[in-house]
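First to last, the protein sequences are chains A and B.
For the first sequence, this note's numbering gives the first residue as -12, with consecutive numbering after it.
For the second sequence, this note's numbering gives the first residue as 4, with consecutive numbering after it.
Take the hints with a grain of salt, since some may be wrong.
Stated by the list, open to error - Here are the computed lysine to aspartate or glutamate pairs in the EDC-like style, where the Cα-Cα straight-line distance is at most 20 Å:
1. LYS72(B) - ASP96(A)
2. LYS98(A) - GLU34(B)
3. LYS66(A) - ASP54(B)
4. LYS124(B) - GLU89(B)
5. LYS66(A) - ASP52(B)
6. LYS66(A) - ASP94(B)
7. LYS98(A) - GLU2(A)
8. LYS56(B) - GLU2(A)
9. LYS18(B) - ASP94(B)
In short, the hints are calculated from the structure, not lab data.
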Amino acid sequence: MAVLKVGILSCSGEECLGGTISRLATRKVLEEMTMVDTVTLCLPLYNAGGTEERNFASVFPTISVDGCDKLCAKRSTEKYSGRINGSIDVSKIIGNENALNTRIVRNRDLKEEHFQMVEEVAGEIVKSISNLSPDAYSGKSFRGCNCGSE
Amino acid sequence: MSDKVKVVPCSGIGKVFGLVAREAALSTVQELCPDKAETVCLAYIVTGDEDVKEKMKGSDCITVDGCPKMCASKNVSLAGGVVVEEVKVLDTVKDHKGKKFGSATELNDDGYMVVNEIAAKIEKRINEIA
């Protein structure tokens, strides 16, 4: 039986709360979702020569999670792997003011309200995974073959 | 353009040392040296946008990497930043053999102890150059 595998790429932006929420929501889905095999990919590795990362996203369905409307994770994935199957803009879920908060960014400064935001965004990631076309898993929409070549 | 030293962590999402790097960098720019240092989103640097290249070009940067792939350092250099110090989390961690530091989601007390040690090293370097 084919393994249902999905890649989640978080921006993890260090400048504002949106990046922290994107990172934690991605981690939450990774740790708690059991229906499909979720894998997270290191975004900085794309540019630093991470061929495994680039090939994964060109073969398996991939969802980007961005903390703000610059959509860095989405754009970088499209640039290096060609296409993306789902995209989440955290600022649209928690609001721009929260997403661009530059005072509360560290994990240790987060309060209950921020963990609620993590829950909400994690829910959206799961929804996005649920909405993936069956073709994304079956190979019909793959750009490359399973060996990872383009 | 800000002339603050840019402290850029890898924030690697798959391993605890990515979170250590992130927390150490944020501790430095928010608490220890807010007037001399700032951070820039590594994901933004990775996009290669002209705006971020302009921001990074010629800037003194300290990178903090959680694994030997050195993604923060490589990406900062590619964007035109001048890496004056490559901080490797593993260099500090090796002094604490046998300890667990938490997970990539949440650090424990030992994790934050390492964060504070690394942040102090970064602060020292910032005070030397700024």
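Hints violated by the structure (numbers, ascending):
Structure breaks hints 1 and 6.
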